[in-house]
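Colleague: One-letter residues, chain by chain:
Protein chains: 2
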Amino acid sequence: MSKSTEIASLGEFGLIDRLTKGLGRRNASTLHGAGDDAAVIDLGDRVMLLTTDMLTEGIDFDLSYFPLKHLGYKSVVRGVNDILAMNGKPEQLVVSLGVSAKISVEALDTLYEGMETAAKELGVDIVGGDTTASMNGLVINISAVGFARKEDVVYRAGAHEHDLICITSNLGAAYMGLHLLEREKRVLKDIDNPEPKFEGYEYLLERYLKPRARVNVLDALREEGIRPTAMIDLSDGLASDLRQLCRSSQCGARIYLERIPIARQTSELAEEMHIDPVIAALNGGEDHELLFTVPLDKQEAVMRLGLVDVIGHITKEESGVILVTPDGEGIALKAQAFDR
Amino acid sequence: MSKSTEIASLGEFGLIDRLTKGLGRRNASTLHGAGDDAAVIDLGDRVMLLTTDMLTEGIDFDLSYFPLKHLGYKSVVRGVNDILAMNGKPEQLVVSLGVSAKISVEALDTLYEGMETAAKELGVDIVGGDTTASMNGLVINISAVGFARKEDVVYRAGAHEHDLICITSNLGAAYMGLHLLEREKRVLKDIDNPEPKFEGYEYLLERYLKPRARVNVLDALREEGIRPTAMIDLSDGLASDLRQLCRSSQCGARIYLERIPIARQTSELAEEMHIDPVIAALNGGEDHELLFTVPLDKQEAVMRLGLVDVIGHITKEESGVILVTPDGEGIALKAQAFDR
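Quick note, the sequences are listed as chains A and B, same order. The first sequence begins at 1 in my numbering and counts up by one. The second sequence begins at 1001 in my numbering and counts up by one.
Just to be clear, a hint being listed does not mean it is correct.
[As the list claims (entries may be wrong)] In silico DSS-like links for lysine-lysine, alpha-carbon gap of 27 Å or less: (1) B/Lys1021 / A/Lys210; (2) A/Lys210 / A/Lys197; (3) A/Lys120 / B/Lys1021; (4) B/Lys1189 / B/Lys1210; (5) B/Lys1021 / A/Lys69; (6) A/Lys334 / A/Lys21; (7) B/Lys1197 / B/Lys1069; (8) A/Lys210 / A/Lys120; (9) B/Lys1069 / B/Lys1210; (10) B/Lys1021 / A/Lys89; (11) A/Lys21 / B/Lys1089; (12) A/Lys102 / A/Lys69; (13) A/Lys21 / B/Lys1021; (14) B/Lys1150 / B/Lys1120; (15) A/Lys89 / A/Lys210; (16) A/Lys21 / B/Lys1102; (17) B/Lys1150 / A/Lys89; (18) A/Lys189 / A/Lys150; (19) B/Lys1316 / B/Lys1334; (20) B/Lys1089 / B/Lys1102; (21) A/Lys89 / A/Lys69; (22) B/Lys1185 / B/Lys1102; (23) A/Lys102 / B/Lys1102; (24) B/Lys1102 / B/Lys1189; (25) B/Lys1150 / B/Lys1021; (26) B/Lys1210 / B/Lys1089; (27) B/Lys1069 / A/Lys89; (28) A/Lys89 / A/Lys150; (29) A/Lys102 / B/Lys1069; (30) B/Lys1185 / B/Lys1197; (31) B/Lys1069 / B/Lys1089; (32) B/Lys1069 / B/Lys1120; (33) B/Lys1120 / A/Lys21; (34) B/Lys1069 / B/Lys1189; (35) A/Lys21 / A/Lys189; (36) B/Lys1120 / B/Lys1089; (37) A/Lys150 / B/Lys1150; (38) B/Lys1185 / A/Lys21; (39) A/Lys89 / A/Lys102; (40) A/Lys150 / B/Lys1210.
It is worth saying that the hints were derived from the structure and are not from the lab.
Work out the full structure: start from the sequences and follow the hints.
Modeller: Structure (structure tokens):
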């Protein structure tokens, strides 16, 4: 009898490490495989970046409140973000859809409309796809391709002690947007003509339903001649993604609670729903912002951009990944929760 | 009220045409989008081929009889085949998995083992992946990347009148293998310690569960200096895929019933199960062989390879796509069925 292991028991980084451990490398063009936001393929004069991202109904989205147009838009932003997080220029993507019987052609039109809107905004081309049936729910997979000069690629593994830790916008808003949508769905479950109450929280909905890719920040960094030393897409939440970056870079980090930007709407709804806004910011996930590090001497130049917040700095690995509270206490960050 | 259209009502080519119709092209590197087995991206000195393929549980595979190792193997072969069908050299692929709660880590190990076995045989590297949860059933998406000289790429659209129509192996075997597995599942449904009867039909199971990529045929063609004029992966069945190739090439075709290779095991099981073996060969699908055309003057050279069957030739578009029976009668091929 073979022993069966639940996936959750492997923890945060265990599964992907385990699955990709034994994979061989047969082509000289394969520069870098699993372990970053995208794979890196050598083209000689430059590199190609390749990434894949799957969304499944009931886990990653709920069609009862997620408009298909937004879902199309978001799925493209997610795919493109993985290319941006490697400092690449996204150019093409291919779409696979698993389509359940309840989905009409018009629904797919709307989904594609949203995907094309994002593609247009981000300057990428949808170059093909595959559509298959699905017994249970909609599945969307986006594989995106981008290009970069070899020396411009930014990995998770490039952070050094004293580097500054930057993020591209406030955190936790998407998480609270999701909570709001879930609450209204619960409250209005058995009501005819339900009218969900979203007033005052539109920003949170937008952050969850229609995240923006931060192309402008990368452009601005490039113009200023600032190359991040390490970068990661903030999809799992600041705590998890920062730990991931530190693990790859074999370093530690200190971030400061009062420097973590949290939008007013995020704090207000969190209070209303008895959720700690700091938890939303640290562990909420789906922010789809960029977390990156720059050398200490770029502090002034980075601040001058007015586009990023510096929330802390990189330390030695043995110092761990620490959140510093306003009273100076240091708390070790865990992946899914942190203890006060 | 918007009218809702069922996807099936759009017919064979309708859906993908409709969804990809309005897509823009923003990058000069986008040479060729939807409508072939892979997209074609210009790299200057050569091109990159990019493809995506999704498999969903309950539609594309049944885990009650599909061993996970074979499933991994087959999913890689399918992805790689789309690159081969463009005459490209497959080099990398990325894997997305939607994993339901019933799947253990050991099951994923086995799936990856099968994928890596195929990757090794085909000389490709698995360079990354994404794993998400799935509410209902396993979903596998493979995106494959290959390379080719621009002038070597073979599209569906290159066939000309008088070209010969070639296939790389016998047809209908995978379809009968699937029928055999389904039959044994039905028969043994309520039996303890079921012992399915597969003797004499092992070849059919292998064709369904572990299809082979025909790298050797493409290598042989290259060595002989024969470049196919058009090519397509035989996944939907000969009738549908030949019609697709003819539609892209704006031509017709005549194929000859007695030249369509059907394996002995395929005929025997078809007879036993009261299925017309010709229907299995024409419409069964999942053969994962290559269908390609070569100029008429390559007939002798192609036959000499001993690796392909010539089943007919290309005609003018207005002649239609015709199956010629042994008594000389011509029958117009439909996508999903043909009328005697």
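Colleague: Next step is simple, just say for each hint if it's right about the structure.
Modeller: For each hint, the structure was consulted:
no., hint, result
1, B/Lys1021 / A/Lys210, "holds, 24 Å"
2, A/Lys210 / A/Lys197, "holds, 19 Å"
3, A/Lys120 / B/Lys1021, "holds, 15 Å"
4, B/Lys1189 / B/Lys1210, "holds, 24 Å"
5, B/Lys1021 / A/Lys69, "holds, 17 Å"
6, A/Lys334 / A/Lys21, "holds, 24 Å"
7, B/Lys1197 / B/Lys1069, "holds, 21 Å"
8, A/Lys210 / A/Lys120, "holds, 15 Å"
9, B/Lys1069 / B/Lys1210, "holds, 9 Å"
10, B/Lys1021 / A/Lys89, "holds, 25 Å"
11, A/Lys21 / B/Lys1089, "holds, 25 Å"
12, A/Lys102 / A/Lys69, "holds, 17 Å"
13, A/Lys21 / B/Lys1021, "violated, 41 Å"
14, B/Lys1150 / B/Lys1120, "holds, 26 Å"
15, A/Lys89 / A/Lys210, "holds, 21 Å"
16, A/Lys21 / B/Lys1102, "holds, 23 Å"
17, B/Lys1150 / A/Lys89, "holds, 23 Å"
18, A/Lys189 / A/Lys150, "violated, 53 Å"
19, B/Lys1316 / B/Lys1334, "holds, 17 Å"
20, B/Lys1089 / B/Lys1102, "violated, 36 Å"
21, A/Lys89 / A/Lys69, "holds, 24 Å"
22, B/Lys1185 / B/Lys1102, "holds, 20 Å"
23, A/Lys102 / B/Lys1102, "holds, 25 Å"
24, B/Lys1102 / B/Lys1189, "holds, 20 Å"
25, B/Lys1150 / B/Lys1021, "holds, 25 Å"
26, B/Lys1210 / B/Lys1089, "holds, 21 Å"
27, B/Lys1069 / A/Lys89, "violated, 36 Å"
28, A/Lys89 / A/Lys150, "holds, 12 Å"
29, A/Lys102 / B/Lys1069, "violated, 32 Å"
30, B/Lys1185 / B/Lys1197, "holds, 10 Å"
31, B/Lys1069 / B/Lys1089, "holds, 24 Å"
32, B/Lys1069 / B/Lys1120, "holds, 14 Å"
33, B/Lys1120 / A/Lys21, "holds, 15 Å"
34, B/Lys1069 / B/Lys1189, "holds, 23 Å"
35, A/Lys21 / A/Lys189, "violated, 46 Å"
36, B/Lys1120 / B/Lys1089, "holds, 14 Å"
37, A/Lys150 / B/Lys1150, "holds, 23 Å"
38, B/Lys1185 / A/Lys21, "violated, 35 Å"
39, A/Lys89 / A/Lys102, "violated, 36 Å"
40, A/Lys150 / B/Lys1210, "violated, 38 Å"
Hint compliance for this structure: hints 13, 18, 20, 27, 29, 35, 38, 39 and 40 are broken, all remaining hints hold.
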